[in-house]
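Turn these sequences into a full structure, and let the hints guide you.
Top to bottom, those sequences are chains A and B. Mapping of the first sequence onto the working numbering: residues 1 to 401, in sequence order. Mapping of the second sequence onto the working numbering: residues 1 to 401, in sequence order.
No lab work stands behind these hints, which were simulated from the structure alone. Keep in mind that the hints are not guaranteed to be accurate.
One-sided excerpt, in silico: chain B residues whose CB lies under 10 Å from chain A [what the hints assert, rightly or not]: (1) Ile19; (2) Glu65; (3) Leu70; (4) Ile78; (5) Leu81; (6) Ala82.
Idealized CB from N, CA, C, for every residue including glycine.
Protein chains: 2
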Amino acid sequence: MKLIVQKFGGSSVANAERIWNVARIVTDTYKNGANVVVVVSAQGDTTDDLIAKAHEIDPNPSKREMDMLLSTGEQISISLLAMAISKLGYPVISLTGRQAGFLTDSNHSKARIKKIDTERLEKELDQRKIVVVAGFQGINRYDDITTLGRGGSDTSAVALAAELKADLCQIYTDVDGVYTADPRLVKNAKKLEEISFDEMLELASCGAQVLHNRSVEMAKKYNVNLEVISSLEDKPGTKIKEVTKMEKLLIKGVAKDDDIVRISVIGLPDKPGIAFKIFSLLAAKKINVDIILQSVGRTGTKDISFTVPVDSKDAALEVLEEAKDTLGEYTVETDTDVTKVSIVGAGMQSNPGVAAKMFEALYEADINIAMISTSEIKISVLIKKDLGIKAMNALSDAFIK
Amino acid sequence: MKLIVQKFGGSSVANAERIWNVARIVTDTYKNGANVVVVVSAQGDTTDDLIAKAHEIDPNPSKREMDMLLSTGEQISISLLAMAISKLGYPVISLTGRQAGFLTDSNHSKARIKKIDTERLEKELDQRKIVVVAGFQGINRYDDITTLGRGGSDTSAVALAAELKADLCQIYTDVDGVYTADPRLVKNAKKLEEISFDEMLELASCGAQVLHNRSVEMAKKYNVNLEVISSLEDKPGTKIKEVTKMEKLLIKGVAKDDDIVRISVIGLPDKPGIAFKIFSLLAAKKINVDIILQSVGRTGTKDISFTVPVDSKDAALEVLEEAKDTLGEYTVETDTDVTKVSIVGAGMQSNPGVAAKMFEALYEADINIAMISTSEIKISVLIKKDLGIKAMNALSDAFIK
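As C-alpha cells, then:
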C-alpha cells in the first residue's frame, strides 16, 4: 500500500474552517487507498502568543522550559485535526513528537533528530488509521521535550518520510508551489513543475522562503520525493527530486536576500596568510561569511570585503577589532544598504554565457554590481538595496520566457 | 529534610502577576529549608478556551483526543511557573504528568491513578530542585495521555504527597480556608482551624465546594496532612486530618445543595420488596439516590419519595415509567423547588439533642421540613429552595458561637 506523508503549516490549521479543509485533503488521500501520516505545526499565532506569555515572565527564559511551553502548540493542533478527521468518519489517532518516536539531541530550541522509533506509529498505520503527528518536537535522552527550531515541522515530515520509506512527502503551504521568483515582487514569475534538490537548496540559501534548507538537505540525503503544494487550491504543486527532466528553463529561480551587510577591511598589510587568519577567526565565532572580494589597496596593503547576515554584524566587528593586536592596523567600514540577488539553475553548468547574460541584463537596467559570487549552479551579485526588485524583474525578463 | 507538596489552582496562576505570587510562596517555603513539589492546574480560562476550540469541531469529540488537547493547559502553567521560579534565582524543573510518573487507567477524561513512579521526581528533589508538576494528567498503559476529571489537580497533589510521604500537602485557593458555611451566604460563618477527613467528606457531599471528595478520600486513606490555605493572603489556613483536637464547636459546617430534585412515587401496591425493586432499578442505571422517605398512602398502597441530582431526573423518570410493567400502576410527581440544608460535625455523635436543636432553630425561623436524613456526623433536611439561605443562617446562629 502507498504511504504518503502530508505536512500542514500553522496557517493551514489556523481556525476550525481551515482544519476542516485539511481534514478533507487528508481523508481524500486516504480514501484513494493510501496510508497517510499527517504532520502539523502549531495553529496560526499560537507560538507567538506562547512566546509573549513567556516573555512577560522572563525575556530570556530557560530553553528547556521554553520547549516545554512551545510544544503545547502542536499538541493542540493534532488533537483538533484528529477530532475533525474522526467526525468525517475515518479512523485516526494523534501522536505527540515523543509518541511518534522522535529522539533528538539535547540542544533545546534547535535540536537535531538523532533517531525516529516508529514502532507505535507503524502499529497504528497497520490498523489503517490516519496518524496525525505533532511536528517540530521530540524528546532527548533525559526524556525532556525538545523543539527543532526554524523549519522544524518540515524537517519532522521529511525525516518521517525517510524513516518510513514513504512514497511521497507533500508540504502543503499557502502558496501553490515553488516559483522562479517571489510572485509578489516579480511580474513574470512562473511556477515550476519540478526542481532539483541542489537548485532548491541554492534558492533557499539565496532568500527564497518556501522550504527550509534543513528539510531539503535531509530529503536529498535520503532521496525523499518532495512536493510543495497548496492547501487552499486544488492544483498540482512543484516536485522536488534528485534529477529533474530537461526543461527549457536555463535557470530555475531568481531570489533576493536583504538580510546581508557588507564589511570592508581596508589597508591590511600585504602578507601571506592574512585572509586565512581573518576568516578563521570569524569561523571560530560561527559567523557565516558569504561573498568575499579581495583587492590590492594602496602601496603594500590590500583590502578585503565580505558579507555576513545582519545579526552577525556586531560579532564580526568585534572579531576585527580584537584581531588588530596580532594583524596590525587597518580600517573597517560597513555598508547595510545592500542586497544580494541570485540566479539559480543546474542548466548553467552546461551553458557558458549565463553570467555574461546576467551582467548584461543588469547593465541594461542601469544597475551597478558591487560584488560577485558564483557556484556551479548559482550566480549572486551584491547591489544597492533599493534596486533589488528592479534587478529581479530584469533577470526574470532575461531568463524566464 | 521536610518535604512539602503545594497545589495551586487555575485562578492562582491566571496571569503573570499571579504566577509571580505563586513563585514567591514556593521559594519562601524552599528557602526555609524544605524540599518543595508544586502541583499546578491550567491557567484561569485556558481549559474553557480549549473546550470551546474542540466543540467548534465536534460537540462530542473523542475523549482520548480531548485529553490530548486539555493536558496542554497544565503544561503551559508548569513551564511559565518554572520560568518565574528560575528568574527568582532558584533551581527548578517542570514535569508533565507523565514525566512525574502518573500512571492511570484508560478511562479518558476521568481516569483513576493506578501508580506513581516517582524515580525521576525524587532524582530532581535530591538535586535540591523545586519540582513543578502538571496536575490533572497522566498516561495509561498504552502511553496515551489521560486526565483525571473534576478535582483532578487536588487528587494529583494528594496522591503525590502520599507516594512521597510528604510532611504536608497544602491546597492553595482563593479562599483562606474551610468555613463553617459559605461566607457569601451566611453572616456569622467562621473559618475552621481544623476539620477531620470525615467531616470534610460530609461537607463536600452536602454542597461545600472547597475540596473535591476524591482528594479528601485519598488523603484519609493514606493519612496525608492536608491544609487549605489562601494564595492571596498570608494567614493560616484550615488543617484537615484524621483526628482533630477537641473544639467547642459541636458542628463544623452548614452546607446547602441546590442540585437536587424530589421524586414522589404515589400509590404503590403495599407488597414486600417493592422499595427494594425500585431502588435496585435506579442503582442499575447508576442514579445516585440521596434522601428516602416512605409513608403509608391510601388503603392498600404506599408512597415513596426520594431525591436525586437534577441531571439524573429524566433517567429516573424513565426507570419509573418502565417499571410499571412489573410493579403495577402508580403516579409519579417531581418537585424541583427544593434544597438540601445540612449540618456536619463529629461532635454530634456524643451529643444527643443536636437534631432537636436543629429542628427547633428551623421551626423558629418558620421553615417547614419536607424530608430528613441523618448519618453519624450529619443531619440533612429538605426544604423549599427560596428558604435555603435563611435556613443556613438560622442554623449557623444556633450552632456556631
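We went through each hint and held it up to the structure:
The beta carbon of Ile19/B is positioned within 10 Å of a beta carbon in chain A (closest approach about 6 Å), and the interface hint is therefore held. Taking 10 Å as the C-beta contact cut-off toward chain A, the hint placing Glu65/B at the interface holds, the least distance being around 5 Å. Contact between Leu70/B and chain A, as hinted, is supported at the beta carbon level, the nearest pair being about 9 Å apart and thus within 10 Å. Because the smallest distance between the Cβ of Ile78/B and any Cβ of chain A comes to about 7 Å, under 10 Å, the interface hint for this residue holds.
Look at Leu81/B: its Cβ gets to within about 9 Å of chain A, closer than 10 Å, so that hint holds up. Evaluation of the Ala82/B hint against chain A yields a held restraint, the C-beta minimum of about 5 Å falling below 10 Å.
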